[in-house]
Amino acid sequence: NAGVTQTPKFQVLKTGQSMTLQCAQDMNHNSMYWYRQDPGMGLRLIYYSASEGTTDKGEVPNGYNVSRLNKREFSLRLESAAPSQTSVYFCASSGQFSGRGGNEQFFGPGTRLTVL
Amino acid sequence: RKEVEQDPGPFNVPEGATVAFNCTYSNSASQSFFWYRQDCRKEPKLLMSVYSSGNEDGRFTAQLNRASQYISLLIRDSKLSDSATYLCVVNPSNTGKLIFGQGTTLQVKP
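Residue numbers (our numbering), protein chains in the order written: chain A, 1 to 116; chain B, 1 to 110.
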């Protein structure tokens, strides 16, 4: 099992360009997430998908769109990249929530994005 | 006030030392709590969940104090390989929307 995979690993964009970050998981998880991580800020949730066919905004959704293509894949799109979107982006997935309120989230290796 | 607050450190300790990290959270209704470990330029990975009764996994002990709204992580007999950033994570609403602290960096020196 590969777990959670992300492509690309690195990307440099110019302001105004668009791109899509791809994420896939092979653990048959229902829920998937996109986070960004900036120095001193911790991980912040951009969007999440509790199950196939549903998506919801997280803490910092502005400037992003998502697509839950199927149970395995959850993509993040930047329509018009801005320097403020320079960050490390992590995708994660988790199984059905347990009675304790949330199962372990498994993370992909991240995409390092620089917007010039 | 941040929802989850941690001292960023760094904590510099010698091998074999005992070190403790605390984390405070603002939402008293929070349901579940975790410690994740993140190595430099890598993805976060679950270290341990934190239960009301406290729990131990080898050299690691996690405790929860709901009255004071803080969780702690104790590492005994520190190893060089323990050097990493430790993320305090809170699930405030019984969903998958986890709230991450900014992390505490630990450097274990020979």
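Hint data in this document are derived by calculation from the structure and do not stem from the laboratory. There could be a bad hint or two in this list.
Claimed, not checked - Simulated restraints, written as ranges between beta carbons of each label pair:
id, chain 1, residue 1, chain 2, residue 2, range
1, B, D57, A, P61, 34 to 40 Å
2, B, R59, A, P39, 25 to 31 Å
3, B, N12, A, L69, 32 to 38 Å
4, B, Q31, A, T20, 43 to 49 Å
5, B, N55, A, E79, 21 to 27 Å
6, A, A82, B, R41, 21 to 27 Å
7, B, N12, A, A82, 33 to 39 Å
8, A, T54, B, T18, 25 to 31 Å
9, A, S18, B, K109, 25 to 31 Å
10, A, G40, B, Q69, 19 to 25 Å
11, B, R1, A, G3, 46 to 52 Å
12, B, S28, A, A82, 14 to 20 Å
As the list claims (entries may be wrong) - Okay, derived cross-link-like pairs now, EDC-like style, lysine to aspartate or glutamate, Cα gap no bigger than 20 Å in a straight line:
id, chain 1, residue 1, chain 2, residue 2
13, B, K2, A, D26
14, B, K42, A, D56
15, B, K97, A, D56
16, B, K2, A, E73
17, A, K57, B, E3
18, B, K45, A, D26
19, A, K9, B, D39
20, B, K45, A, D56
21, B, K97, A, E73
22, B, K2, A, D38
23, B, K97, A, E79
24, B, K42, A, E104
25, B, K45, A, E52
26, B, K97, A, D38
27, B, K97, A, E59
28, B, K97, B, E15
On a predicted model such as this, the values are computed, not experimentally measured, just so you know. Yeah, the Cβ is synthetic: ideal placement off N, Cα and C, and Gly gets one too.
Verification of the hints:
no., hint, result
1, B/D57 x A/P61: 34 to 40 Å, "35 Å, holds"
2, B/R59 x A/P39: 25 to 31 Å, "29 Å, holds"
3, B/N12 x A/L69: 32 to 38 Å, "45 Å, violated"
4, B/Q31 x A/T20: 43 to 49 Å, "33 Å, violated"
5, B/N55 x A/E79: 21 to 27 Å, "44 Å, violated"
6, A/A82 x B/R41: 21 to 27 Å, "24 Å, holds"
7, B/N12 x A/A82: 33 to 39 Å, "37 Å, holds"
8, A/T54 x B/T18: 25 to 31 Å, "45 Å, violated"
9, A/S18 x B/K109: 25 to 31 Å, "46 Å, violated"
10, A/G40 x B/Q69: 19 to 25 Å, "22 Å, holds"
11, B/R1 x A/G3: 46 to 52 Å, "35 Å, violated"
12, B/S28 x A/A82: 14 to 20 Å, "37 Å, violated"
13, B/K2 x A/D26, "34 Å, violated"
14, B/K42 x A/D56, "26 Å, violated"
15, B/K97 x A/D56, "10 Å, holds"
16, B/K2 x A/E73, "32 Å, violated"
17, A/K57 x B/E3, "18 Å, holds"
18, B/K45 x A/D26, "17 Å, holds"
19, A/K9 x B/D39, "17 Å, holds"
20, B/K45 x A/D56, "24 Å, violated"
21, B/K97 x A/E73, "19 Å, holds"
22, B/K2 x A/D38, "15 Å, holds"
23, B/K97 x A/E79, "24 Å, violated"
24, B/K42 x A/E104, "17 Å, holds"
25, B/K45 x A/E52, "24 Å, violated"
26, B/K97 x A/D38, "18 Å, holds"
27, B/K97 x A/E59, "9 Å, holds"
28, B/K97 x B/E15, "36 Å, violated"
When the structure is compared with the earlier hints, violations turn up for hints 3, 4, 5, 8, 9, 11, 12, 13, 14, 16, 20, 23, 25 and 28 and for no others.
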